[in-house]
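**Student:** Using the sequences and the accompanying hints, generate a full structural model.
What follows is each chain in one-letter form.
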Amino acid sequence: MEEIKMAEKDMKLIVNGKRLDGRNFDELRKIKMEVNVLERTVGSAYVEWGNNKVLAGVHGPREFHPKFLRDPTKAILTCTYNMAAFSVEDRKRPGPDRRSVEISKVISDALSSVAVLEKYPNTGIDVFVEVLQADAGTRCVSIVAASLALANSGVPMKDLVSACASGKIDGEIVVDLMKEEDNYGECDLPVAISPRKGDVLLLQMDGNLTRDEYTKAYNMAVDGSKKIYEMQKKTLLDSMVNFVEGEQK
Amino acid sequence: MEEIKMAEKDMKLIVNGKRLDGRNFDELRKIKMEVNVLERTVGSAYVEWGNNKVLAGVHGPREFHPKFLRDPTKAILTCTYNMAAFSVEDRKRPGPDRRSVEISKVISDALSSVAVLEKYPNTGIDVFVEVLQADAGTRCVSIVAASLALANSGVPMKDLVSACASGKIDGEIVVDLMKEEDNYGECDLPVAISPRKGDVLLLQMDGNLTRDEYTKAYNMAVDGSKKIYEMQKKTLLDSMVNFVEGEQK
Amino acid sequence: MEEIKMAEKDMKLIVNGKRLDGRNFDELRKIKMEVNVLERTVGSAYVEWGNNKVLAGVHGPREFHPKFLRDPTKAILTCTYNMAAFSVEDRKRPGPDRRSVEISKVISDALSSVAVLEKYPNTGIDVFVEVLQADAGTRCVSIVAASLALANSGVPMKDLVSACASGKIDGEIVVDLMKEEDNYGECDLPVAISPRKGDVLLLQMDGNLTRDEYTKAYNMAVDGSKKIYEMQKKTLLDSMVNFVEGEQK
Amino acid sequence: MNIEEYLRKDYVTSLMREGRRIDNRKLDEFREIKIEKGYSSEKAPGSAFINLGDTKVLVGISMGVGEPYPDRPTSGVMTTNVELRPIASPLFESGPPREKAIEIARVVDRGIRESGAIDLDKLYIEEDKVWIAFIDVHVLDDGGNILDAAGIGAISALLDTRLPKYEDGVVIRGEWEGKLPITCTPVPVTNVKIGSNLVVDPNLDEEYARETQLTVTTTDVINAMQKSGIGVFSSEEVDEAIETSFKKAKEIREIIEG
Amino acid sequence: MNIEEYLRKDYVTSLMREGRRIDNRKLDEFREIKIEKGYSSEKAPGSAFINLGDTKVLVGISMGVGEPYPDRPTSGVMTTNVELRPIASPLFESGPPREKAIEIARVVDRGIRESGAIDLDKLYIEEDKVWIAFIDVHVLDDGGNILDAAGIGAISALLDTRLPKYEDGVVIRGEWEGKLPITCTPVPVTNVKIGSNLVVDPNLDEEYARETQLTVTTTDVINAMQKSGIGVFSSEEVDEAIETSFKKAKEIREIIEG
Amino acid sequence: MNIEEYLRKDYVTSLMREGRRIDNRKLDEFREIKIEKGYSSEKAPGSAFINLGDTKVLVGISMGVGEPYPDRPTSGVMTTNVELRPIASPLFESGPPREKAIEIARVVDRGIRESGAIDLDKLYIEEDKVWIAFIDVHVLDDGGNILDAAGIGAISALLDTRLPKYEDGVVIRGEWEGKLPITCTPVPVTNVKIGSNLVVDPNLDEEYARETQLTVTTTDVINAMQKSGIGVFSSEEVDEAIETSFKKAKEIREIIEG
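As they're listed, the protein sequences go chains P, W, A, H, S and E. When we follow my numbering, the leftmost residue of the first sequence carries the number 1, and every step to the right adds one. When we follow my numbering, the leftmost residue of the second sequence carries the number 1, and every step to the right adds one. When we follow my numbering, the leftmost residue of the third sequence carries the number 1, and every step to the right adds one. When we follow my numbering, the leftmost residue of the fourth sequence carries the number 1, and every step to the right adds one. When we follow my numbering, the leftmost residue of the fifth sequence carries the number 1, and every step to the right adds one. When we follow my numbering, the leftmost residue of the sixth sequence carries the number 1, and every step to the right adds one.
By construction, these hints were calculated from the structure, which means they are not laboratory data. Incorrect hints may appear among the rest.
[As the list claims (entries may be wrong)] Here are some, though not all, of the chain P residues that point toward chain E, as calculated from beta-carbon distances under 7 Å: (1) Leu-20; (2) Glu-39; (3) Arg-40; (4) Asn-51; (5) Gly-57; (6) His-59; (7) Glu-63; (8) Phe-86; (9) Val-88; (10) Glu-89; (11) Arg-91; (12) Pro-94.
Just so we're clear, the structure is a prediction, and the values are computed from it rather than from any experiment. Every residue gets a Cβ at the ideal spot worked out from N, C-alpha and C, and that includes glycine.
**Tutor:** Structural data, given as structure tokens:
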């Protein structure tokens, strides 16, 4: 259990057409991105998204162990998602639990769908995601950070991975749920896409949505992802500019 | 603890010369056997024995890992005995406990004593036993199922393994204890033999038996095993007939 | 938690200038040493020190696993410190805990500093310490026993390792704390030295000591270690004499 | 992937280019579903043995008494565990649940939990005591699509489940209070992509040829979705999968409830 | 098995053909048994250090307070753990108890439990509180036949055990209520088959040559039996092993109790 | 050690012979220390992000309610855990805390515990209920000397920590009773020996060249010491390290408290 939910089931999540934190239905929380933030990784990124704080870093391509599981046709990309004990209000015991195993898998799957792994046969590429503060939507924040770190590492990618969740609260479809909305809402739909082609790389849902609500929510998540994509591109571009400027100094 | 035992210590287990389920002292519970019941194993068997339901299957001979533990003179046969969480009234936590480790070992030992392992040096033969419903005597049911599955897999065997338990209830020696008899009885003596030569392959006992009671109980268990042997032979024969008939169709 | 400490915080540890067991401030507990006490090790030792009883034994030099961690320039010496479940008043769960992992490491470090490991490249030397009864100061007793066992095994050593703790009780600096002194005292300072050169091989401290108290306590621990060194030498010498005498019989 | 697996995959893919499946099923056709409820009824309050083609899964329900979650003090608790037993495939290893088992368990769990299939509010006993429903999925023969088999088995076993009697702080084994209150029948349908086609209920050969997959669990609404595995869908493909999943779930629901 | 082990095995087997043992013992002769009760008496309520030939085992008893089993609310609890410490043999690895350690622990446990050696009914304290006797077997030097050494050590340590004082919900360490109530002295005797002979108390060389083994634990009746290892016995051999076990157990019991 | 590491080590050592460090610091000079208290303040009662040169460590404090130790029924409890996250170095592996992480955690813990930095007596709530302070050190980028970074981070985070409100047996999340009572500021200083010199705050290159190291944690007295690693100190070197540690701790304490 990530956090204890309070027993107030009839909490109103929409008041006067606005969400609890004053956002419109299609409005994202505040987002800050940065790459190249760690010294010991070949690529790294830091993303603040609402109250979420997530760090991602890449080691590799490097020797894959155990030997007999190596793939002679491509690198094996493994993402490890980890929450700091103090990232949630009720301390999380250190170490992987079932939830983090699942999130690690779906992020690994999404990144592996766009990275050109064929370039590095027999190796392993390890992407580490550290959730330093969690406030709903960590899997989308994590995949965005991981994708930035991977791009920053120089591993060639067919496309970036952008992600955003939508959901249903008080019967309305909204984008990018924060903690209270996630706890008391009726549905969560995280989506990750390769923004240039529009392919779906990650799609999960739990709650309840009619066929029509799904379409609306899906489109809202994709629209959110596209906004994220613009920020990701700018972040990577800025880092290159800084890099060039830094070199000239 | 496999199951919570009720606190009725003075429960009568023999009434008017009959056991609680109406059986005579030397009478086995109802037994049903079948082989070739799974698609992904090289040999398999299913045994219902009273309220026990046990499935056994064999993978291998196949590469043995880790390499440095391989035996260049023969295959290593490993049996893994496992109880489904819901096979007993009080849910059993999934995963091996000390009891199942011990039972796995004694079944491995018994099967290894009759299988011609020298034919497959450097390999491993894995026998899996799944207890789907448990009602006393599972180690005998398991060894009977495992032996059928191994025969069904085509691994050559010097003999089958037949098994049956006897025990003492209300001071009387009886064969094939069911749950209540096992819980409130004074002794349990599971025996596995190679029925043609009469060799003892498995022998365990706990409770209390005088020297004479032991002899009586041992003989009863061997007699039970011999009945089981007849059923095992018939089961294997029927499967071959079916196989031939099936081929002709 | 090694043992439950009683709630008597104002227990007097020094009465009439003497410690609870009648010792002077600079007096060690009774000590008994023996080597060559086990048959399956290449070297072994047994040390009784106050109420502590500790057995040490050495296997190796032998193949080191896993292969990729071998050191082609020297042997890897690993000490494993283990307390028997019944060695303390409140039963300790079997298996390594964080405390024993740390003690294993500091003993490994100390022994590795004097053993001529370069003589055995690619191998492992395993030193096992079994605490059979514990009564404060087990890390010093263990290192003394481990050093004797290593010497007994024939692995060449630049020097022995001698060890002794000092500490502060009722404001006074004393040597070799026993259980009550350790529980209610203000400080514990275990020291291990290579006695011929006087080098510090192990030094840990917890509690509180001023700069001057530290110097006094350190010197007391070194003096204790030197007494231990004399006993260690005598023990090894006696064992050689016995060995020669035994051969002549 | 060894050479045999590669050839199978190749064969499945080339057939699929002509719109054909290796066992001649239609693209949206399931294999035969056989459900034996009460398989372990002598010990387990609820159970169901599922044959989905030659995939075999046994699901058992255990009912225990424990503490509620602090945030829902009057609601029962459910938990789902999947064991990919090594007997089921030479490719499964012994040991603790791994990535794949955990993912299947969590997808099955979400379908049941989010649809409110178990009326957890009716599982309150007394202060700090509620019923815990343990859903244990035991995979015995992996002929492909174990996720759907597990999901079908779980809700079938729940529909079979009796609530034990509870008196004076003790569970009375073998005596029953009534049925476990079940409100609806969520059904997961897994759609796999092979070339440019989507098919349901892949057999083992089709799983080798699978590019990626999407599971959609529905009642009268969507309750859970999970894209799984490397590979991509277009949003049109996702829409198609949702349509198919609603349709097939309806058919399967009749088998489960029937 | 390396070449040295093979040669030892061969030598033991060929000697045995002439009815001789490598250390000249009679077939039913144990090595010298030395028992030091109270070895860890400063900390442990009961203990015994066993030398069986050059096999060394230390057994310690800890007494804790805990809950009874629900089905026996007024009986104490016992539990047996065996640690094959790596110091005891270059062949033992570090780590959690393995197959062999578990089997030994369970056979030792059954002998004590089934004979009723510990009068568990006298270990009741108050509602939901009973004494738990932890039997911890620490194997320190494996010169063969550690099972019998463990079993002899366990009952010796139990006979040495004092029951701690318990007042106002607290165990008073270092003060004692009396002795742990022990009713009888079960003794395991392990019979190994080498060629056509049965011998007791195998040393390490004989264990290499062993075909299979049978342990019989007796008081005035048989309380536990365990055939262990690959290989077979005839029923006559089993009978012989039982006879021998009764006889040797009687002799050993005198040493333990004496 | 690969060839690159060997060359670095060699370079560091040869510079040191001239009394120089690879980054031109004085022997007793720390790298720049940046402390951001309250980094995770939206969720954690206390936290601090530490940059020690390019070493990065985040420490978070969680406050839970639990049982006191039986021997100190009216005192709160503290516990320290260090996670060497694999993101921090290609040399760290995933998995449970290992030798190195445990040693660091225990040295950090001892400094805080033995100095009485947390006034545990003020963390009593009611019978059998006390506050537990969990100190979780998350190592994110290992540029050398993570022990000192962890220790500085731990006490900084404790100084940042608020005590949650506790009413009617429930912790009120997001409401605070006041600050966690902290009495002093223990600071660990790690001295490493390279050739015949002692230096503080080694960077990664200097750690390759390190012969052995001594950590001294001080307040106005010495509270903890730990020699770590193969290699030896003379007693004079130990004395020098203690002097240096007192001096540097004083400077660092001002940064922490400032």
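**Student:** Taking each numbered hint in turn, which are not upheld by the structure, reported in ascending numerical order?
**Tutor:** 1 and 7
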